[in-house]
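Chemist: As given, the protein sequences belong to chains A and B, one line each in that order.
So the first sequence is numbered by our numbering: it starts at 1 and just counts up by one.
So the second sequence is numbered by our numbering: it starts at 1 and just counts up by one.
Everything labelled a hint here was simulated from the structure, so no lab data went into it.
Some clues are possibly wrong.
[Stated by the list, open to error] DSS-like, lysine-lysine: derived pairs with alpha carbons at most 30 Å apart:
id: 1; chain 1: B; residue 1: LYS183; chain 2: A; residue 2: LYS73
id: 2; chain 1: A; residue 1: LYS183; chain 2: B; residue 2: LYS183
id: 3; chain 1: A; residue 1: LYS52; chain 2: A; residue 2: LYS76
id: 4; chain 1: B; residue 1: LYS220; chain 2: A; residue 2: LYS279
Please read all numbers here as calculations on a predicted model, not as lab measurements.
2 protein chains.
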Amino acid sequence: MGEPRYLSGDQPAIEEFLAKFDTFLFDCDGVLWSGDHIFPRTAETLEMLRSKGKQLVFVTNNSTKSRADYKKKFDKLGVPVTVDEVFGSAYSAAVYIARILKLPAPKNKVFVLGESGIEEELRAENVPFIGGTDASLRRDIEPEDFTNIADGSALDPDVGIVLAGLDFHVNYLKLAHAFGYLKRGATFLATNTDSTLPMAHTLFPGAGSIEAPLVTASGKSPLALGKPSQAMMDAVEGKFKFDRSRTCMIGDRLNTDIRFGIEGQLGGTLAVLSGVNKKEDFLGEGDGTGVKPAFYADKLGDLLG
Amino acid sequence: MGEPRYLSGDQPAIEEFLAKFDTFLFDCDGVLWSGDHIFPRTAETLEMLRSKGKQLVFVTNNSTKSRADYKKKFDKLGVPVTVDEVFGSAYSAAVYIARILKLPAPKNKVFVLGESGIEEELRAENVPFIGGTDASLRRDIEPEDFTNIADGSALDPDVGIVLAGLDFHVNYLKLAHAFGYLKRGATFLATNTDSTLPMAHTLFPGAGSIEAPLVTASGKSPLALGKPSQAMMDAVEGKFKFDRSRTCMIGDRLNTDIRFGIEGQLGGTLAVLSGVNKKEDFLGEGDGTGVKPAFYADKLGDLLG
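Build out the structure end to end from the sequences listed, making use of the hints.
Modeler: What follows is the structure, encoded as structure tokens:
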């Protein structure tokens, strides 16, 4: 694979790039915004793409938000989207559980380590669940919890799946429950495994870090339903019916976004430098992983020329 | 290395075993007790060893308790020990920070992810610290925390070390602080890295699992001051002045206790089957790690014959 082509400030290269694709898949955090800070000219860039008839899909690994929550975030930041253009890892996981895994009821209940975004998407797919934002689990572990988890009396006999994602309310009690289910043989799923979360212009522990205690304790790795898992690409394609060769993935992370596009055999990938990875990570020797985007730009807004 | 010798019920083998050693290093959880349940004949076995003039040292990776806390646990379970016979990973870490690492003040402050046992041992070694059981960190993360951690205003400029261990009160806010310090270049230490904690006859997430988010987020592994780290063996030997060739490590975990004894070139190791590992893990092909004890018994009390 050749070296990535740099687009910022190169109008002919930008026009050639835009002409190659009908569909753009966007990562959000690190591409459109960082936390609650929207990057300059984001809305204008998306408007330009729409005006050229491009299909836009916002593919996010953030599992704390449902698609409806995500739409609210777009609205608040002044970027017009529809709920159907948003495809999150929580939704991806719910679709996988309901339509692909299809465990026989009643043993198909999910124990959630995560926030309300996961719960909303499971509810939308009629998947029964416990855990999540349940207030009764937002407390310190007590001596009797150890006993009750150990003898199984605190565990729901119908739980057959542990679904983990980013949980800002993670605690030992929830981890102990989830580990109890995993030891009993529950299927281990993760919305995504991003190690870090871009927030406030820096990085915080991501979903992969919050799930790490379960991976370490159980010795098992979850099946991840977010980028770069191709289970997510298949689900996105199933819904949006795009031509992969005329589709470009735009993201800030080599090991999730760009890998997602390359392994999905999309027509192209564009790395923007407004998030996690820097150009040193993919130019020349790069970070040693060999994951290189086809194109790169300093920021998404540079596509406006 | 030959196959481990089985001692339970074999009186001549037991007597030969006892005659080979002057000092016995004991793991506690899984050997003497499981959680608050003491195994039968524990006190009598220790008494028998003392009556034969053996030196006993209780080497535990449990960092939630100080040596003084541990003595209370022995007292409560009816096993006579002195504080000086107890050597915990929290103590080991405090000794390492104060006497070996010796960062120049004032940049030698420790951010603790862990319980009061770590705090007590740091205090005993005059090591300044924050975090730990600080009530102001036992709360949900708020939007301003992200900003204040990101811009550094919530971080103590003097913290040069992150010391992580088992924390039953782990939460996202503490993990975010610890990760903030690690990103700033703090030295990453762990009391121990046991993936699981034996409690109530089963396993719960251990120190290694609670530290895992920091390992995943930072991409760095901590220097561990508990078994099987030889930093701990050196510290134990420095304090107790034993002859390694006449010393036996007794434990239930191959990857911590038995490895600790083998890598420390002790005269012998004894695996008891009352904890994590089963004999299938080390007989014949075993678990594939090649870690084999020299001796094994069903339980510690079998040494009574």
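Chemist: For each hint, tell me whether it holds in the structure or not.
Modeler: Outcome of the hint check:
| no. | hint | in the structure |
| --- | --- | --- |
| 1 | B:LYS183 to A:LYS73 | 28 Å, holds |
| 2 | A:LYS183 to B:LYS183 | 34 Å, violated |
| 3 | A:LYS52 to A:LYS76 | 25 Å, holds |
| 4 | B:LYS220 to A:LYS279 | 22 Å, holds |
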